[in-house]
Structure formats: C-alpha cells, structure tokens
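Protein sequence lines, in the order shown, are assigned to chains B and C.
The first sequence maps to residues 1 to 324 in the numbering used here.
The second sequence maps to residues 1 to 367 in the numbering used here.
These are computed hints drawn from the structure, not numbers from a lab.
Note that the structure is predicted; figures quoted are calculated from it, not measured.
Hints may contain errors.
[Said to hold, decoys possible] Below are the DSS-like pairs computed for lysine-lysine, each with C-alpha atoms no more than 25 Å apart in a straight line:
#1 Lys187/C <-> Lys241/C
#2 Lys187/C <-> Lys158/C
#3 Lys187/C <-> Lys33/B
#4 Lys323/B <-> Lys253/B
#5 Lys207/C <-> Lys157/C
#6 Lys195/B <-> Lys157/C
#7 Lys33/B <-> Lys157/C
#8 Lys157/C <-> Lys187/C
#9 Lys241/C <-> Lys158/C
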Amino acid sequence: MTQMNMVQAITDALRLEMRRDPRVVVLGEDVGKVGGVFRVTQGLYDEFGEDRVIDTPLSEGGIIGAAIGMALYGLVPVPEIQFSDFIFPAYDQIVSELAKMRYRSGGEYVSKLVIRTPVGGGIRGGLYHSQSPESLFIHVSGLKVVCPSTPEDAKGLLLSAIRDPDPVLFFEPKRIYRASKGDVPEGDYTVPIGKARIAREGDDVTVLAWGAMLYEAMAAAEQASEQGVEAEIVDLRTLWPVDIDTIVESVKKTGRVVVVHEAPRTCGFGAELVSLVTERAFLHLEAPPVRVTGFDTPFPYTLEMDYLPLAHRILPALLETAKF
Amino acid sequence: MSVENSRELGLFRVLRDDHSQDPAVSVPDAVVLRAYREMRRLRILDAKMILLQRQGRVGFYGACTGQEAVPIGTALALEADDWVYPALREQSVMLVRGFPLTQFIAQVFGNSGDVQKGRQMPSHHSGRSVNQVSWSSNIGPQIMQAVGTAWAMKLQKKSSIAVGFMGDGATSQGDFHSAMNFAGVFKTPCVLICQNNHWSISVPTAKQTASATIAIKGLAYAVPSCRVDGNDLLAVYAAVKEAADDARAGKGTTFIECLTYRIGAHSTSDDPSRYRTDEEVESWKRKDPVDRLRNHLVHRGLLDDAKDAALEAELTDEVNEAVKVAEAFPAPSRESLFDDVYQELPWFLQEQKEELRRAPPAPSHGG
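Please put together the full structure from these sequences, using the hints given.
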C-alpha cells in the first residue's frame with residue numbers, strides 16, 4: 001500500500017497498463033511533455049515516448065475520431081478530453097460512432113477505448129470547466145460510464161475500464177483530484193465495473209452518490225448521525241450499468257432514498273435512479289424519493305457553492321426524508 | 001507550372017476524346033478489363049436495387065450511377081490489407097475486394113443473410129473480411145476514423161494504408177478539416193478521396209464552398225492534393241495508385257478530388273427534377289465513365305460488341321441469381337435486437353429482452 005491522491009493513482013494505472021500492454025496509447029491536448037493540465041499523464045511521455053503519449057492538435061472531435069480509427073485497427077487508445085465541458089465537439093463521434101460500432105457492424109467491428117475526462121465543479125471554473133454531463137452518455141446505448149471517488153477505486157476501475165471489451169467514459173472528479181488521499185495497493189489489481197460500494201452503513205435512509213459529492217454526503221451523514229439519523233451511503237462507482245442489486249437491497253432495508261448529483265436535476269441520472277428504485281422497491285418505500293442536485297441553470301461562476309449540492313443542502317434532505 | 005495547371009486547380013485526365021490514352025500512363029490490360037467488368041456489374045446491380053425499391057421489396061437505395069470509375073478504380077489500386085472507409089457511393093469497393101455479392105445484397109434487404117444482422121438501412125455496408133468499415137449518415141465522421149486507422153498502421157510499422165471517402169458536401173464538416181489537419185501533422189499513410197459529384201442532395205458545390213476547387217483546400221494543411229477526372233477510370237486508378245505508393249513509402253496522406261456527376265437521384269427518396277436541369281444531366285451522360293472505358297477497350301482491341309453483350313448477359317444473370325438467394329434469407333430473430341450493444345448482455349437489456357419476448361407480435365410496416 002502507498003498513500004496516493006487520485007491524480008497519482010490514475011497515473012499509476014496508466015503507467016502499469018502501458019508497461020503491460022503495448023497496444024495502449026494515450027492521446028489528447030497537452031498530455032505529452034507537460035503531462036496534462038492536471039498532470040495526470042506526467043512522466044508517461046518520458047517513459048513511453050511520443051508514439052504512445054501523443055500531443056494532438058486542439059480538436060476533440062479529431063481526438064476521438066482518430067482514437068476510434070486506431071481502436072478499430074487494434075490499438076487500445078486512452079484519449080483524454082481536457083475538461084468534460086469540452087467533450088461536445090466529439091459528441092457525434094462518441095454517440096453516433098463509438099457507441100454504435102459493435103451494433104451497426106453486427107459485432108464485426110469493436111472500437112474499444114477509454115475516454116478519460118475531468119468532471120464536476122467546485123474549482124472556480126465557471127460555465128465551461130465545471131459541468132457534469134454523465135447522463136448525456138448514460139442515455140446512449142452502448143457506452144459504459146464510470147466515476148470513482150477514491151484513489152484506490154480510481155486505479156482499479158481504470159485498469160478494469162482499459163481491459164473492458166466495451167467503450168468506457170471515465171469521469172474523474174477534479175475537485176477531489178488531490179484532496180482525496182488514501183492507501184492504494186501497489187501493482188496490478190482491478191475494481192469491477194458495475195459494482196457499487198457501501199461507503200457508510202446505516203438503517204434510516206439510503207443515499208446514492210458518486211464522485212466528489214460522495215464526500216459531501218458523508219459529511220452530511222455524520223451531522224445527521226448527531227441528530228439520531230443513520231444514513232447508508234452507496235458510492236455507485238459505475239454509473240452505467242449501475243449496480244441495481246446493491247441499490248435495491250439498501251433501499252429495501254431503509255425504505256427511504258436520497259440521490260445526490262452535481263448535474264442539473266431535470267433528466268439527470270437521479271431521475272433514472274429514482275425510477276429504478278420506485279419500480280423495484282415501491283412497497284418498501286416509506287417516504288417520497290428526494291433528489292439533491294445542481295439546479296436547472298447553466299453552471300455559475302461566483303455562486304457555484306450555492307449551485308452545488310453540498311452537505312448543507314444534503315443534511316436537511318436526510319433529516320426530512322428520515323422523519324417523513 | 002502556372003497556378004491554373006497546378007495539381008490542385010488543373011484536371012488530371014488519361015482517357016482522350018478519341019478513346020486513346022495519354023501514353024505517359026500505363027494501366028495493364030488485366031486491370032482495365034477487370035475494372036470494366038466491375039463497373040458494368042455495379043451499374044446492373046444499382047438498376048436492379050432501384051427496381052426492387054420501386055417494387056417495395058427494399059426500403060431505400062443510394063445508387064452510384066455515373067460515378068462508378070471512382071470506387072472501382074480505387075478498389076483495384078489497393079492491397080488486401082488496406083482499410084477502406086466509404087461514404088454513400090463507394091459501398092462497391094468491398095465487392096471488388098472479394099465480399100460476396102449475395103451478402104452485399106442481403107444487407108440491402110436487412111435480413112439474416114446480412115453480416116450486420118439487419119441493423120442498418122441499405123447502402124451502409126461493412127465487412128470485416130475485406131477491412132471495410134461502414135460510413136454513418138451523419139456525413140463526415142469516417143474521414144477522421146480513416147486517418148486514425150492509418151495512424152495506427154504507422155505506429156505499428158505496417159505497410160498498409162487507409163482510404164477515406166467523402167462527398168463534396170462533407171468538406172463543409174468539421175471532421176473534414178480535423179482529418180486533413182491530423183493527416184498533415186502526423187503524416188498518416190492515408191488516401192482521402194472526395195467524389196465531387198456537384199450536388200449534396202439539392203445543394204450545388206458552389207454553395208458548399210467558395211474555393212476555386214476542393215483539392216486546393218489540401219494545400220493549407222500541407223497535404224499533397226490533386227484534381228482528377230472522376231469519370232476516367234485510368235486517371236482514377238493511376239492517381240490512387242501513386243497516392244497509395246506514396247503513403248506506403250512514408251510520404252503521408254494525399255487528397256484527391258474526383259470530378260464526377262450523380263446521374264440519378266441522391267437516393268430513392270429524392271426528386272432531382274426539383275433542383276437541376278435535364279440539359280445538365282444530359283451533358284454529363286455524354287461523359288459517362290462506363291461508356292468512356294468501353295470505347296477505350298474497343299480502341300485498345302480488348303472488347304467488341306459480341307463480347308460486351310455476352311458480358312452483360314453474364315453479369316445480369318449473376319445479379320439476378322444473387323438477389324434470389326439474398327432475398328430468401330429470413331428476417332433476423334426478434335431476440336437479436338439486443339445482441340452486440342455490449343459484448344455481454346447487461347441486466348437492463350436482459351430485462352428488456354424478456355419484455356419483448358412477452359410482447360405480442362409487432363405490426364408490419366404500413367400495417
């Protein structure tokens with residue numbers, strides 16, 4: 001075990017897999033000599049050279065389109081989109097091409113790649129360095145969507161993602177890139193895609209959270225505990241395909257559910273989670289499901305701490321739901 | 001060389017009006033004979049598919065009529081290990097490279113004889129056995145993917161190349177410019193071919209671009225570019241062969257604009273009389289690529305009327321027989337709707353598959 005932050009854990013995973021599998025290449029804007037604007041690819045250029053750690057022109061559609069063509073030929077590209085807010089020029093390549101490649105070819109062609117991209121707010125990034133577009137990709141058939149909240153999971157999930165047979169969107173919660181620290185196993189290990197983690201046990205209310213908001217939910221849960229409410233927190237880790245069994249089991253135990261996410265509320269992933277829970281555990285529910293989310297506005301700059309569903313907004317939701 | 005005669009602004013032709021050829025270019029007898037056979041077969045196939053569409057037996061078709069020299073000339077200039085990313089009117093490249101005609105037609109029917117399992121509408125073919133990837137109707141994404149595949153070939157030190165096709169309309173898309181830019185920067189072993197057929201559905205090339213030619217756009221990206229008579233099989237073959245040789249030799253990408261004309265409608269859903277004149281169409285029919293090659297073969301002593309008639313009868317039989325075989329395949333099974341979304345069926349698709357299994361039979365189209 002080594003103490004690492006999430007950036008270091010992700011770099012460790014990339015380095016390990018690039019040493020293990022010569023087909024793995026990293027490409028994107030500024031990923032080479034400078035090691036990425038968040039330094040996630042730091043050191044890889046020096047070790048693996050410019051043919052495997054590639055600085056590209058500034059074109060997200062170009063990066064993903066090229067990565068798809070590389071993957072079809074047998075490479076395993078791990079493109080980086082510098083901020084998930086910048087992913088939209090590549091949206092056509094991801095939605096119309098990457099996600100549909102296996103299906104449209106009758107299984108003959110697979111474009112297996114992992115798109116890494118920092119996600120979420122809380123870094124004073126304004127409109128275009130803060131958004132959480134996960135539901136726009138979950139809604140597209142054919143993609144898997146992952147968002148870790150701890151360094152250990154980040155490394156293990158990224159290794160799983162690169163070895164997974166399907167294309168994966170790997171969202172990295174940048175607010176906790178360096179703030180999250182923890183013991184990370186050395187060497188090779190994987191965390192399975194599609195398995196959630198119980199981050200805190202409790203009997204009174206289930207909280208579904210991921211990424212940076214997991215820590216806000218944990219903080220709110222500690223405060224709720226002082227008032228006699230014990231929240232069970234499920235860290236989803238994989239958003240799609242979501243670990244439905246763990247979620248339903250927890251909700252059946254507590255009878256109450258609160259979903260927390262940074263993305264705007266309407267048609268956010270919380271809407272799907274509430275539907276899934278309601279369809280499967282309706283008779284176990286003792287309170288209306290509640291969503292604590294970003295608002296249905298563009299992501300604000302000055303007022304971002306008001307926008308984000310931080311602990312001060314989660315706590316009342318926990319208490320009210322538990323006491324409903 | 002003056003600007004007007006430059007490769008980007010001039011027009012590379014090999015076939016002359018008197019049916020002879022520029023002696024500076026040599027294309028072997030076997031290649032021109034094979035090309036003629038493939039072009040004739042494609043024209044017969046396209047006519048048959050449009051007939052089937054009119055009869056309601058297939059849903060859609062995008063014919064290549066009038067543009068056959070580009071896909072056929074290109075296909076014959078490639079090696080088996082090369083990869084092809086067609087646009088709408090280059091599906092036939094795969095036929096030249098050995099994809100079975102019956103499977104090709106089964107794709108148009110969308111039945112269980114189709115390697116794509118009926119997942120795509122007609123004229124969106126692909127085939128792993130011949131390294132041909134499907135285009136998507138969105139226009140343009142395949143250009144960037146062709147560059148990506150070529151890039152992977154270069155990184156893996158292969159001698160193969162990738163070919164990416166597009167129409168004139170696609171050169172207005174961002175993907176075209178990204179692809180040309182990446183191709184220039186990384187010198188990917190690629191041949192990018194624009195079939196400028198003068199019309200993107202109803203919009204003429206003059207409204208796609210104010211550039212003097214499409215080929216000239218390559219100069220800005222430091223991608224060697226040229227403009228070729230796309231109705232001249234020998235010119236297309238020679239230009240693609242040279243570009244492919246350059247790509248294999250590490251000289252990077254060449255961009256080729258092929259000047260041609262879509263004789264028929266954009267697709268079976270289009271009515272070109274609403275936007276262009278008969279005179280324009282007739283003027284291009286006089287430059288028909290199949291006629292020009294036939295006249296050249298006669299001039300060269302490789303073809304006469306009797307041989308040509310026998311060829312037509314043989315190819316018509318081949319196409320009709322393939323249609324008969326292809327149409328007989330049953331529809332894909334209902335459960336196959338859920339296959340190939342992911343490698344393994346995830347829980348939510350398992351549930352939805354069960355849901356469909358319990359559902360009553362679906363109504364038929366138009367029912």
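Q) Taking only the CA atoms, is the gap from Lys207/C to Lys157/C under or equal to 25 Å? A) violated (41 Å)
(Q) Checking one constraint from the list: CA of Lys33/B to CA of Lys157/C, max 25 Å. Satisfied? (A) Distance of about 23 Å is within 25 Å: holds.
Q.
Run the distance test for Lys241/C versus Lys158/C: straight-line Cα separation, threshold 25 Å.
A. Given that 25 Å is the threshold and the Cα spacing comes to 18 Å, the pair holds.
Q | 25 Å limit on alpha-carbon distance, applied to hinted pair Lys157/C and Lys187/C | A | holds (13 Å)
Q: Would you mind confirming whether the straight-line C-alpha gap from Lys323/B to Lys253/B stays at or under 25 Å?
A: holds (15 Å)
Q. If you draw a straight line from the CA of Lys195/B to the CA of Lys157/C, is it 25 Å or shorter?
A. violated (39 Å)
Q.
Hint check: Lys187/C vs Lys241/C, CA-CA at most 25 Å. Holds or violated?
A. Answer holds: Lys187/C to Lys241/C is near 18 Å, not above 25 Å.
Q. Under the criterion that the straight-line Cα-Cα distance not exceed 25 Å, is the pair Lys187/C, Lys33/B satisfied?
A. holds (21 Å)
Q: Compare the distance between the alpha carbons of Lys187/C and Lys158/C with 25 Å, and conclude whether the hinted pair is satisfied.
A: Answer holds: Lys187/C to Lys158/C is near 14 Å, not above 25 Å.
The structure does not agree with the numbered hints 5 and 6 stated previously, though it agrees with the rest.
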